[in-house]
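**Q** Here is how the chains run, residue by residue.
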Amino acid sequence: MKALWAVALAPCAVAIVFAGSGAAALVSDRPLVWPAHAVTLSEAMANRDQGEVVRQVTGGVSLDARYSVYDVIKPGRHTPSTPLEAAIATREQYMFDLALAYGAHLGPDNARVLFCLAAAENATGIRDDLEKKFGRQDCNGVSLPW
Amino acid sequence: MPSPSRLEPRAAAWALGLVFAVGLAGSVYRIPIQVSDALETIERALAVPSLSASFASGIGNSPTMLRPLREMRTKALVDVGDALGGRYHLAFRGYHALAGVVLVLLFVGAAAPRTWTDVTALAFGLAVLTGMHTFSGMFREAYPTNHFLTISTYALATFGLARSRGGWMVDAAAVACLAIALLTLESGVLVFVVAVAAMASRSRGISRAGIAGMLLVLAGYAYLRLGYLDMRTAGLGEHVTGWWSGRLEPSEQVAQFGANPLPLYAYNVVMAGISVLLSQPSAGQWTVVEAWRDHGLSPVFVVEIGSSILTTALIVWYALGRDDMGRRRRLDPIVVAFVTLLGANAFVSWAYVKNEIVGTAGVFYALAAYAAARALLLRPKAATVALLALVSTAWAVRDAGLHFKMRHTAFVSRSEWAAELMPNERNDWPADPRRLAVVSRLKAEAIERQGPPPAQMPDWAESWWGEE
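Order-wise, the sequence lines are chains A and B.
With the first letter of the first sequence counted as 1, position 111 gets the number 111 in the working numbering; the numbers rise by one all the way through.
For the working numbering, count along the second sequence from 1 and bump the result up by 146.
There could be a bad hint or two in this list.
Residues from chain B that face chain A, not an exhaustive set, calculated with beta carbons under 10 Å [what the hints assert, rightly or not]: (1) A546; (2) S561; (3) A565; (4) A590; (5) G597; (6) P604.
Hints were generated in silico from the structure; no laboratory data involved.
The beta-carbon is built from N, C-alpha and C at its ideal position, and this holds for glycine as well.
Model the full structure from these sequences, guided by the hints.
**A** Below, the structure written as structure tokens:
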């Protein structure tokens, strides 16, 4: 009865796809199914991808430059931002702290923009932390990165 | 001598097993060594000078756990990593991936497919094996190796031994399997349960002398644990566990059941057993109720519960029926082993429920599903074949979900390393140069292993496969 193969079809198809993907990953370090796409440092930050952030930083990528962020902060749009600004977009204190721990510059020269961005993005933990370090900032006339 | 026409399906069955195994190994190998529950054990292994010393350190280093082979295995893999020039990922994850391959191939061996109908049923059985929610935990977690996987592997190996032609070497191997399993994890006792269940169903591979030898090992273990080391078992409030549609923190368990923990223990045992049959509750928690209450049922619940209900019904049909010779199938070794293990495995979950604790019962559930599907396919009717194809497809979806979940685990495990050896916390770095060198190397290997963050995964994936 040929119809019996209908029972085996889906399991075999899934197994073959992932076996091919797994074999490719073992050979080329890149699986066929769900490979990692190249991202900028700020994109990794906006994706909450701590491992990728550390990989790029230890590989020499600067935490203080501005990089394009596509389709994360604003759907379907390029949003140039620094890693600290991208961390604010996640509203996650641990991402902001990660950037600082690995050497991102935070000083009076960029604290105001970051504070105002955190306030605008409702990243309250980060905003309060910045306020503690640099005092309350006046956001009148501050131009935000997005 | 078997005819070529009988050889062909067997070769196909092993090839099919290998295809499943390679896919599993490929996804396991993508997961960086995790920090939680693993780094501490690896660092402990660095402090002991030899394998025998690591074995000794595993005896008496905990008031509840007697797991010297876990310590020894970790030490051995650190040594292998050293010998490979500091390639610890290759040592640990290579071992984990290989253990997965062995388990899948043991499953094929236990299924013993001989015809094309058997091979068709095997495809279904393998999808059930790898799609089970109890299976994924054996590969998504490692401490730094996964001892639940070890127990399932030795249980399956013992079942194979019990169904072999026997001999003194088989007996010796069965005794060794039990000893290794017991000294790896307390639920290694399940290996003995498998041997006894096989004997009860008239499998004679392991002789009475072999069973007596296993009993002796068990008695020795009990004396070592209870008499000599005066150890206690895991008790109330040591882990978070599910309770109906919620979860109980350790302090809540003590507050609610401190005076009489029996209702919680009974709940845990019953729910652990039910979870194998229905895919719910998950770790003791009826997550489906919470999901229904909050935002309606997503496809993952329909696929998981639906496929489990139908597969359990298929197994019940099989177990209650008779074979071609008119013998009751409830004495079938696979049925007896599954039912006995389900009870025993649920029982060892009394203190708290975790999906992978019942992983061994899950493996034998898949074996029973295979046997039931094979029986159904021997007298195929269009409607039943169509229904089985539907169930099989649902399990294939769950199998794909295993790989999705392992990608998520890889992301989480890699992320954990960002908080280790932070540049702004050099005072907290290990003072011992060897320890610092190994942890640095582990971090570098984990960070280098690129994988997609959840944001790069398909939007629909979580609703079909869940996030956990």
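**Q** Less than 10 Å between beta-carbons is the criterion; does B:P604 satisfy it with respect to chain A?
**A** Since the shortest Cβ distance to chain A is 8 Å, the answer is holds.
**Q** Take the shortest C-beta to C-beta distance between B:A546 and chain A; is it under 10 Å?
**A** holds (5 Å)
**Q** Given B:G597 was flagged as interface, is its beta-carbon under 10 Å from a beta-carbon of chain A?
**A** holds (5 Å)
**Q** Just to be careful: measuring from the Cβ of B:S561 to every Cβ in chain A, is the smallest value less than 10 Å?
**A** OK, holds: B:S561 within 10 Å of chain A, min 4 Å.
**Q** Close enough to count: is the Cβ of B:A590 nearer than 10 Å to one in chain A?
**A** Since the shortest Cβ distance to chain A is 8 Å, the answer is holds.
**Q** May I ask you to test the interface hint for B:A565 with respect to chain A, counting a Cβ-Cβ separation under 10 Å as satisfied?
**A** Constraint on B:A565 satisfied, holds at 8 Å.
The earlier numbered hints are all upheld by this structure, with none contradicted.
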